[in-house]
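So the sequences go chain by chain: A and B.
Each step along the first sequence adds one to the number in the working numbering, with nothing skipped, and position 30 is 30.
Each step along the second sequence adds one to the number in the working numbering, with nothing skipped, and position 102 is 215.
Each hint should be verified, as a subset may be incorrect.
Unchecked claim - Coverage of chain B stretches by chain A, computed from C-beta distances (three or more under 8 Å per stretch; other residues unrestricted):
| hint | segment |
| --- | --- |
| 1 | 152 to 164 |
| 2 | 199 to 208 |
| 3 | 212 to 224 |
As the list claims (entries may be wrong) - Label pairs and their calculated CB-CB ranges:
| hint | chain 1 | residue 1 | chain 2 | residue 2 | range |
| --- | --- | --- | --- | --- | --- |
| 4 | B | Lys181 | A | Thr5 | 23 to 29 Å |
| 5 | B | Lys181 | A | Asp38 | 28 to 34 Å |
| 6 | A | Thr17 | B | Ala183 | 27 to 33 Å |
| 7 | B | Ile166 | A | Thr15 | 25 to 31 Å |
| 8 | B | Asp172 | A | Asp96 | 18 to 24 Å |
| 9 | B | Ser123 | A | Thr86 | 22 to 28 Å |
| 10 | A | Arg30 | B | Gly173 | 34 to 40 Å |
| 11 | A | Thr15 | B | Gly173 | 31 to 37 Å |
| 12 | B | Pro153 | A | Thr17 | 23 to 29 Å |
| 13 | B | Leu124 | A | Thr17 | 23 to 29 Å |
Unchecked claim - Simulated pairs of lysine to aspartate or glutamate, EDC-like, Cα-Cα distance not exceeding 16 Å:
| hint | chain 1 | residue 1 | chain 2 | residue 2 |
| --- | --- | --- | --- | --- |
| 14 | B | Lys221 | A | Glu72 |
| 15 | B | Lys118 | A | Asp38 |
| 16 | B | Lys184 | B | Glu128 |
| 17 | A | Lys53 | A | Glu72 |
| 18 | B | Lys167 | B | Asp197 |
Worth flagging that the hints you see were computed from the coordinates, not collected in a lab.
The structure presented is a predicted model; accordingly, all values stated were derived computationally and were not measured.
For every residue, glycine included, the Cβ atom is placed at its ideal position computed from N, Cα and C.
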Amino acid sequence: DAGITQSPRHKVTETGTPVTLRCHQTENHRYMYWYRQDPGHGLRLIHYSYGVKDTDKGEVSDGYSVSRSKTEDFLLTLESATSSQTSVYFCAISRDRGTGELFFGEGSRLTVL
Amino acid sequence: DQQVKQNSPSLSVQEGRISILNCDYTNSMFDYFLWYKKYPAEGPTFLISISSIKDKNEDGRFTVFLNKSAKHLSLHIVPSQPGDSAVYFCAASARGSNYQLIWGAGTKLIIKP
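Kindly produce the complete structure, drawing on both the sequences and the hints.
Right under this line is the structure:
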């Protein structure tokens, strides 16, 4: 199994508070991704990174920011959490982009009250 | 506008029989298709993929078929085993979209003993 850890695994917070989710990898893969999974929607890409300090937006990036200061860490920040951001968040990594073969973390369940 | 659709939210199959999971897509630019499997409280794991230049790819008990004219792909599992009970996601990517994966909503497969 690819070495990917997400933290925290569960978090309950209140509307308007900032939240940061962390993804840490030990595989030295170039690409890192943040997805959210909601019922009826499958997985939707929030942001991704193609190298240290190189990031780009996905299809549902509004309300989220990311940072990647080291190869192994990719942070997802909700500056001011809203109830619509209640979801399960998955981090994924890949060696390249062409094959689409991603390795996922176990997920972080976020509840915004 | 869902570009990748899995119209069956769930499917129940007898152990030992064939499981057929279906996926339809609308974007003719998709050139790579993947299936992922997900157990509860875990991240998705890559199962099998197929390039648009092929119409079939086989890996053990799993075979993916691609019908480009119908914009349809299917995953066959033969024979179905209890450990195959999971949610299956199909995903597609296009070189022109920087290989961003577009995911279906998933089909929950239940294998009955």
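Hints and how they fare:
1. Figure legend: the segment 152 to 164 of chain B, annotated as covered by chain A; annotation consistent (7 residues with Cβ-Cβ distances under 8 Å, at least 3 required).
2. Counting residues of the segment 199 to 208 of chain B whose C-beta sits closer than 8 Å to any C-beta of chain A gives 4, which meets the bar of three, so the coverage hint holds.
3. Residues of the segment 212 to 224 of chain B with a Cβ under 8 Å from some Cβ of chain A number 7, which satisfies the need for three, so the listed coverage holds.
4. About 39 Å separates the C-beta atoms of Lys181 of chain B and Thr5 of chain A, a value inconsistent with the hinted range of 23 to 29 Å.
5. For the pair Lys181 of chain B and Asp38 of chain A, the beta carbons lie near 30 Å from each other, so the given range of 28 to 34 Å is met.
6. Taking 27 to 33 Å as the suggested C-beta distance range, the pair Thr17 of chain A and Ala183 of chain B does not conform, at roughly 48 Å.
7. In this structure the supplied range 25 to 31 Å is violated for Ile166 of chain B paired with Thr15 of chain A, their Cβ-Cβ distance being about 49 Å.
8. Between Asp172 of chain B and Asp96 of chain A the beta carbon distance is about 20 Å. The supplied range of 18 to 24 Å therefore holds.
9. Taking 22 to 28 Å as the suggested C-beta distance range, the pair Ser123 of chain B and Thr86 of chain A conforms, at roughly 23 Å.
10. Hint check: Arg30 of chain A to Gly173 of chain B, Cβ distance near 29 Å, so the stated range 34 to 40 Å is violated.
11. Remark: the range hint 31 to 37 Å for Thr15 of chain A to Gly173 of chain B is contradicted by a beta-carbon distance near 48 Å.
12. At about 28 Å, the beta-carbon gap between Pro153 of chain B and Thr17 of chain A stays in the expected band of 23 to 29 Å.
13. Restraint check, Leu124 of chain B to Thr17 of chain A: a C-beta distance of roughly 40 Å breaks the suggested window 23 to 29 Å.
14. Pair hint Lys221 of chain B plus Glu72 of chain A does not hold up; C-alpha atoms about 33 Å apart against a cutoff of 16 Å.
15. Simply put, Lys118 of chain B and Asp38 of chain A have alpha-carbon atoms about 15 Å apart, close enough for the 16 Å limit, and the pair holds.
16. This hinted pair does not check out: Lys184 of chain B and Glu128 of chain B have alpha carbons roughly 29 Å apart, beyond 16 Å.
17. Among the hinted pairs, Lys53 of chain A with Glu72 of chain A is consistent with the structure: their alpha-carbon atoms are about 12 Å apart, no more than 16 Å.
18. Between Lys167 of chain B and Asp197 of chain B, the direct Cα distance comes to roughly 25 Å. Violation of the 16 Å bound is thereby established for this hinted pair.
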